[in-house]
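Colleague: Each chain is listed here by its residues.
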Amino acid sequence: MRISKGALLVVVALLVPFVVEFRTALSWFGIKLTILESLALAGVLVIGLLLWAVWPENGNGGTGTADSS
Amino acid sequence: MATSPPTEVTAMRNAYVDQFPDEARVIKAAFWSSFIALAIGGTLGLVQALHRTDVFRFIQSPDYYTVLTAHGVLLAITFTIFFLVGTFTWAVTTSLDRGVVDVRFTWAWYIMMVIGTVLVAIAIFSGFLESAPSVLGSELNADVLFTFYAPLEAHPIFYIGLVLFVVGSWLAGVDWFRTWLAWRSENPDERIPLPTFMVLTTTLFWYICTFGVALSILVFLLPWSLGITESVNPLLTRTLFWYFGHAVVYFWLMPAYMMWYIMLPKFSGGKLFSDPLARVVFVLFLLLSTPLGIHHQYLDPGIAEGYKFIAMTNTMFLLLPSLLTAFTVVASMEHGARQRGGEGYLGWLKALPWRNPIFTGMALAGLMFAAAGFSGMINAGMNINYLVHNTWWVVGHFHLTVGTAVALTFMAASYWFIPQLTGKELWNRSVALGQVLLWFIGMTFMSNAMHRSGLFGMPRRTAEPQYQGFDFEPAVGTVGEINMQVALGGVILTLSLALFLLNMIMTSIGDDSESIPDNTYAGTLSGAEDSPRILDNLKLWTAIAVVLVIIAYTLPLASIIDAGGLFGPGIEGVRLSTWVDPAVIESLGEVIR
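Chains as they are written, first to last, in our numbering: chain A, 1 to 69; chain B, 1 to 593.
Next comes chain A alone, as it looks inside the complex (with noise of 0.2 Å):
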């Protein structure tokens, strides 16, 4: 994994005010999400996240991460 499971539940964590906030940022562009379209939004970025995150680093299985507690 590049982060530790501890940072990526923290990461996680700070979606959440990153979708709420980007939602209203949207709207002064002009472009309304719904809440189901905000909840696909912030689904889309989790997996995004995840996938990210347990994707071997260089491709070689290696682990980056240097959280130890």
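Worth flagging that the hints you see were computed from the coordinates, not collected in a lab. Backbone N, C-alpha and C define an ideal beta-carbon position, used for all residues, glycine too. Worth double-checking, as some hints may not be accurate.
[To be verified] Derived, one-sided and incomplete: chain B residues facing chain A with beta-carbon distance under 8 Å:
no., residue
1, 346
2, 350
3, 354
4, 440
5, 448
Fit chain B to the known structure of chain A by using the hints.
Modeller: Coordinates of chain B only, in the frame set by chain A:
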């Protein structure tokens, strides 16, 4: 002892309870008092969230104000300050490496605070009774909200309880000063250790700011509620409340700041970046916390715009210590991460101990505090404040400050403190990590919705925010969506609170453990020896703080009293006839004449 490397486990346990068993008992009692207040106050928060949003109602709307008062007082006063006195007692004894002068005195102020809390709670919760009992000649009731200024009037027992609580906190300050003076007589040439310095400067501005609320209660509100005086000047009591009311925000916040300065670097795996900078920050809070309360009264008629402008300027100056803190704490975390092998401009973030609930809780609390700072700047600006004044925006703001920066830091710190105070290992670290993350997520939903609804004018402090024949128009989404977001946030926060309390209870009833880390705090990269000695001159900073208060408040108070009288326009003040037959007073007057 105090600044050894982080969290090593030695063969012989050296937790706080092993070093200071007597003090550990008092601190544990203070923390549990704090947790009980958190449990009750937090649950009432859910009741409010569900009622206001019309998701689930099981109380009558008039009772909402009793719930709101209990929620505010129990969380903003009781939870925070009980936790503070425990933390500060830990900080003083740990950093001075000596116990308090007399632990009986420590128990005395703690018990006084408990009695005060019980009296206040009796007065507030009587509001739920069909017919509240009559005590001291009036019905028990205190639906006056956390801000408790006139014209709302509470039962005298509420004010007496508050007085006991505040006097208890004053005596706690005396205890910390006594302990420091005893240490100083044994170490005359030593610099004040940083944690003790933080405690003493915070205590000093607490003395300065509580003078206002003491005056308000003892001279005006208590005599008024007892019928000794006929009326009060509402603007005067409001101003005296806010003289205290904004500084109390920093009083809650300073233990959280202290944790960020002396514990976060340690859990990051490094040292505090700069001891001198930390001292400067706490001196600035001593100087600037009090002379700015009028920024809560931008819409009050009767206070000239010029005074409000001065308050705004002082408030903006107070951003400086917060920005200094953000720099110092993040620099310390980066140092720690690099010690743990972190590399790159942002890659070091991955090396931080995110699986540690103490670290993660405090770090997320700090992050939320940054957001709170931005919304706070909106509140502090005189012109833009008019847009959000008395709306749900303000509630969203302080749920990020006291509700997250303070509360989440305290909960995360409890995962360190309770094992230190009991000698028992934390029951479940994974549950603890989940708990702090849930708090972060729940507060994101709730405070975001509150801020947004404030922007379209939805009022605070009401059970029925929706007016008849009028629809609010949010810029994004619908009012229904926003209400659902608040309710969802409230439910997640309550779940998080339940997990926290479960962890605390299970830890406390667990078995003794030999693997409790040593009681230490972070060392420094740049220590006290690098800071000028004048920073430790508490008399000088206190004198300047008092002068600033005099400059900021003398003319506004004189103006308010001149316009509205001490006890209201045309009111003489003390009504001598309260317990005496008016005919007797009349005949006495005849005799004198």
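Colleague: Now tell me if each hint is right for this structure.
Modeller: Okay, the hints, checked on the actual structure:
1. Interface restraint check for residue 346 (chain B): the shortest CB-CB distance to chain A comes to about 12 Å, outside 8 Å, so the restraint is violated.
2. Checking residue 350 (chain B) against chain A: minimum C-beta separation of about 5 Å stays under 8 Å; hint holds.
3. For residue 354 (chain B), the shortest C-beta to C-beta distance to chain A is roughly 4 Å, which falls under 8 Å, so the interface hint holds.
4. Against a cut-off of 8 Å between C-beta atoms, the interface hint on residue 440 (chain B) holds, since the closest Cβ of chain A lies about 6 Å away.
5. A hinted interface residue such as residue 448 (chain B) counts as satisfied when its beta carbon comes closer than 8 Å to some beta carbon of chain A; here the least separation is about 5 Å, so the hint holds.
Hint violations for this structure: number 1 only, all remaining hints satisfied.
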